[in-house]
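Novice: Next come the chains, spelled out residue by residue.
There are 2 protein chains.
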Amino acid sequence: MVVELISVGTEILMGNIINTNAAYLAEQCVRLGLNCYYQDVVGDNEERLSATLKMALDRSDVVILSGGLGPTPDDLTKEVAAKVAGLNLYMDEESKAAIADYFVKIGKEPTNNNWKQAMMPVGSVIFPNHNGTAPGCAIKTGEKSIILLPGPPEELKLMFEESVVPYLTEKMPSAIFSKTVKICGIGESRAATMIADLIDKQTNPTIATYAKTGEVHIRVSAKAEDIATAKKLAKPMVKELKEIFGNYIYTTDDDVTLEKAVVDLLIANDLTVGTVESCTGGMVASRLINVPGVSDAFKSGVVTYSNKAKRKFVGVKKTTLDKYGAVSSQTATEMAKGLSAVNKADVVIATTGIAGPDGGTEDKPVGLVYIACQVCGKVTVKECHFTGNRQKIRENTVVSALNLMRECILEYYSEKTFR
Amino acid sequence: MVVELISVGTEILMGNIINTNAAYLAEQCVRLGLNCYYQDVVGDNEERLSATLKMALDRSDVVILSGGLGPTPDDLTKEVAAKVAGLNLYMDEESKAAIADYFVKIGKEPTNNNWKQAMMPVGSVIFPNHNGTAPGCAIKTGEKSIILLPGPPEELKLMFEESVVPYLTEKMPSAIFSKTVKICGIGESRAATMIADLIDKQTNPTIATYAKTGEVHIRVSAKAEDIATAKKLAKPMVKELKEIFGNYIYTTDDDVTLEKAVVDLLIANDLTVGTVESCTGGMVASRLINVPGVSDAFKSGVVTYSNKAKRKFVGVKKTTLDKYGAVSSQTATEMAKGLSAVNKADVVIATTGIAGPDGGTEDKPVGLVYIACQVCGKVTVKECHFTGNRQKIRENTVVSALNLMRECILEYYSEKTFR
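So the sequence lines, in the order shown, correspond to chains Y and C. Letter 172 of the first sequence, counting from 1, is numbered 173 in the working numbering, and no numbers are missing. Letter 79 of the second sequence, counting from 1, is numbered 80 in the working numbering, and no numbers are missing.
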């Protein structure tokens, strides 16, 4: 089954916003086993939208339109789609009541325009919107389907999960089960080489690698007549990947991020954590604190960007800074040890590096970063050489720091077990 | 003149990467005065790419393709474009030499595949690539132009600025000058209301508002026969906006971000800065440290997520925490004063709030945030109520914190002047 995505909105055409909806929808459709050959962006213009939709219906089985379901007169996606499908709109009382409820919930008054959002194409399957006012829907036209979704990402995503996945799954001739193996600590090309023979001989399940900042995600997808069989098909491949990548894998759970994996590991082992950051300037702490519930583990963090702060807050010795410099294995080590002395955190992560654009020398070029991790007294230091601009170097440092924490904690406990 | 953007790449179609190139190119084209009615995404597939390009040439004057200029056999954008335009490819010796030079520069060996990247369509205008190996080019076909750009964003952006802007500017019947007035501290709808009459009566220059996280950007664009005249046309409108928005404007410079404006203000006034962060967990420090050269101003930051850390690092009193709670104006004030006592920073910004999803109460709901800013002893506290998820609340807090610093510094110096 072939799907096509049409994003409707002048703000995307003008480059005012980045089309994250298309990336989200595309990834979800791949996961469901749909093929996608085209994505289109068109403005809130009846003629051009109509032409694009007709073309899409001509070459694809399912067309998903996002955006243009708002209350104002320039929002015309639903009107155009109904016209193309030869359907009238009617006032859907259930949707109208839901809109009224939504306004009560947020403590605001609906405007007269809002009721336009409850006008639905006759015979359509209606998708309720639990994060906003505009319902979505699916329209059948001949053998083809048109799916309409609201533009705001939090509305679109929830509606897709709640309503579109079941709608499309039912239409699919076979069930798809997919699992993502997330790895950190090796690059995409090395990861791909390590599974080259699996990639070569793949049939069902299929495997695909996705490069993320400092991470590689490997998606295993199996197709079968039902989901239980698909799951069973995927299982041996996931097991094989686990054997190949071992501790490089930080999760096989789609909802777990690297920082969540680290925080889970901390909490499971009853460990507290602290951060000492120079070049990353708070980004490591910020990633950890993005995990709800981190307050059980996070003791405190310091941003010691200047040498003075490194001495004052975490007691790095002046002689160390003079002899080895702020960007050195020795300084990183003292930063990690120093915070632990102050705040008694079990795990401390420290970063110091040259993020550029200035400040590099022949000996210590831009991109040189030292990361130190202290776990219950034992310090491990990693020397990294990153490329790219200031932001990229800092982002890569954060990922490496989070992963070093993970590795050091795992190592600490595996050594303890062997003792 | 109408432009159409075609992004080529299976990784975009599969949702593996977000199409930031299209947003960048669209914004740049609008800035140049081009109209854009369609954007397309198509995979590395000869037939579909060829059909999409032909359709685009049919309905637009300039078609910009990005991606698919790599060295591997699936990269076929250039081959398809040449075929559509009826042109052969030739080995361009200058491009070949540039590729060889590039490999010397990065200390790697080219593969045989790389020379394919120097094969160019006969008669094309070649755009050198200073951030990678694949040159871009412009092909004339009848009255229409096809522009080919490499996919990696840092290569595409530099090439667009260096080569495509002059190429397109020359083609344009009129010159465009645009200036962005960036404001912070008022929402988009209020900003739009404040300039409703300007928007209604706009002709040349035009004005358009763009909502960013916590910010509004107003783009003023003037069209004239030459750039000097266009500049002159834009000037009174920019002046009027300055009068309307006053200190809400943090810059009229495209390259200046909010954090850069704050750091510039600090450095210009010889002020040092420190951060004390609870709910933002290092994000304010991280934004400040993203500005190259901040080391002259940044003293240190602390992430005091727990009550213990608030007491230990910045001396918040136990009685204050017991009586008013960690999320209170009083605690925020003591956080800001406390760090200043420790690190002697002239300016200290402190954040404490409930980012959710848990932790909210009826009195103190999720989204309640206090931000305190201390400038040379004077503390200002702002109470904020943000909506959205944890990440959104934290991002909005960061923007408000940066803006509060800006406002407090400006106020401090204006009061000093009046004294």
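Just so you know, the hints here were simulated from the structure itself, not pulled from any lab data. Please note: incorrect hints may appear among the correct ones.
If chains are identical, the list can't say which one is meant, so a pair holds when it fits in one copy or spans any two.
As the list claims (entries may be wrong) - List time: in silico DSS-like cross-link candidates among lysine-lysine, alpha-carbon distance up to 25 Å:
{"id": "1", "residue 1": "Lys261", "residue 2": "Lys309"}
{"id": "2", "residue 1": "Lys106", "residue 2": "Lys365"}
{"id": "3", "residue 1": "Lys172", "residue 2": "Lys240"}
{"id": "4", "residue 1": "Lys158", "residue 2": "Lys117"}
{"id": "5", "residue 1": "Lys233", "residue 2": "Lys141"}
{"id": "6", "residue 1": "Lys213", "residue 2": "Lys84"}
{"id": "7", "residue 1": "Lys109", "residue 2": "Lys202"}
Novice: Next, verify each hint and record whether it holds.
Specialist: Right, here's what the structure says about each hint:
no., hint, result
1, Lys261 to Lys309, "between (32 Å within a copy, 23 Å between copies)"
2, Lys106 to Lys365, "between (57 Å within a copy, 18 Å between copies)"
3, Lys172 to Lys240, "neither (30 Å within a copy, 58 Å between copies)"
4, Lys158 to Lys117, "within (22 Å within a copy, 42 Å between copies)"
5, Lys233 to Lys141, "neither (33 Å within a copy, 55 Å between copies)"
6, Lys213 to Lys84, "neither (41 Å within a copy, 34 Å between copies)"
7, Lys109 to Lys202, "neither (58 Å within a copy, 31 Å between copies)"
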